[in-house]
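Novice: Taken in order, these protein sequences are the chains called A and B. Just so you know, numbering that gives the first Met the number 0 puts 207 at position 208 of the first sequence, and the rest follows in order with no gaps. Just so you know, numbering that gives the first Met the number 0 puts 79 at position 80 of the second sequence, and the rest follows in order with no gaps.
None of these hints come from the bench; they were simulated from the model. Please read these numbers as outputs of a predicted model, since none were measured by experiment. Hints are not guaranteed to be accurate.
[To be verified] Computed beta-carbon distance windows for the label pairs: (1) 410/A <-> 3/B: 44 to 54 Å; (2) 400/A <-> 26/B: 33 to 43 Å; (3) 242/A <-> 52/B: 31 to 41 Å; (4) 51/A <-> 50/B: 29 to 39 Å; (5) 54/B <-> 48/A: 55 to 65 Å; (6) 57/A <-> 33/B: 26 to 36 Å; (7) 266/A <-> 54/B: 39 to 49 Å; (8) 165/A <-> 26/B: 25 to 35 Å.
Using N, Cα and C, we set each Cβ at its ideal position, and we do this for glycine too.
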Amino acid sequence: MEHGTVLEWLVGVGDLVERGDVIAIVDTEKSEIEVEVWQAGTVTEFLVEIGQEVPVGTPLARLSTQGGVEAPPPGLPAPPAPVAVPAVHEEHPGRVVSPLVRRRAEELGVDLEHLVGTGPREAITRADVERAASARPPLASVSPPVDGIRPARLVAASPQARRLAGERGVDLRSIAGTGPGGAVLAADVGEGGAAVPPSPPSPRATIAALMARSNREIPHFHLTLDLDLGPTLTWLAGLNQQRSVANRILPAAVLLQATARAVAAHPEANGFWVDDDFRPGEGVQLGVAVALRGGGLVAPAIPDADQLDTDQTMAALRDLVGRARARRMRSREMSTATITVTNLGDRGVDSVHGVIHPPQVGLVGFGRITERPLVVDGGIVARSMVTATFAGDHRALDGHEGARVLATIDRLLRNPAKLNPPSPDPEKL
Amino acid sequence: MTPEEARAVLVASIQQVAPETDPDSVPGDADLLDELELDSMDVLNVVVAVHDRCGLEIAERDYPKLLTLDSFTDHLVTLSEA
């Protein structure tokens, strides 16, 4: 990769960014990548125009850090790219649609055939797809609605949009942006006067589209295994007794951690089914299904969940659930899960046989923890048990591969203390 | 701590953790978690909030006492007298 072209900005001048935030989407000769920022700071200036082709290493934007000192500018990354995206293939000669955009179009049910691309070289951008999706009812976006209150200087907008808005005397705050995260794009800026905001997708429409697609496309198989949680609960009780309330660990965190490790040891369940082929995920990005009060479901990913110890997993879970319920998700975590866990435990049902979130190939479920009779050494004892389930995409994997994931979770939970510190080699599990 | 004070702390803690709920409207003997759709994370956060507000620490083995507003309040009063 020698050159890249900025397709879209995902932030605006004046926006505060945190380490790891995606600030731009760059098209390279091979694929589209999301450029992340490695320092926290405030975006002060864009150094490259949308559509401008620049060599690798060119600074893209300027940031100022909290001390007012200028941070080293984030530039085009040299290969290998930070996000692994499958190879681009062309549908029409001269018209490029990257897998990222293709996936978004699938999620939103947008037909790419008849779409006009507004990106460089007529490339179809994510914004083109999202605009097309929002132009027709019912809306079916997988991203949750964005918080709507934005002070003027923090309105995310592309440099082009800002320029047009300035020229036409339009207040950026009055425009409902159709770019990622609600960013205002040039096409959103009207001739003047308030633009009509697109109505946000209802939570049900969002889930409906995903679940319908899943059932339509994925040949599911379902496996069940009852797990003895005695050792885990005993271990946790001992831990929690010695800690302050604020540092207590929930059983859910241990279940997530064990699942992440098990999936790391069985990578055939960790990845995507795309274009009749299995693409392994890079690391275990563990989607966690979070129910939103009042209805709805989001499944953001805990990054590299197999590398975390129990405390870190608990912290990640707490952070995700808190932000999900406050509708403050980051676009990156909404699209990166390589496998998802759904937990209708607590006091819900005994087991959940869920629906896989495409393009993932697996879904792990946990029901509620209950005291059940178990036969041990010929006698009946009461044990705390939980029913674990695995839903698999039969195009990508077979029953025995899914069974191995559950069996490994079972084995790990029999000796939870060994989950920490994280094993550097998942083969050693 | 009087029962009224305990209840006030409890209601405030629940409202902090689940702002879209209305704990005051829940009958005292109703199942709190079902009525307000609280899960284990919410319960833990309420326990933390209660501790932050009045310093009382609820042991994990006493979680079964937290099922209703009344029993939760009673437990806080008991703890405060210990």
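Novice: Could you work out which earlier hints the structure fails to respect and list their numbers in ascending sequence?
Specialist: Result: hints 2, 3, 4, 6 and 8 break, sorted rising.
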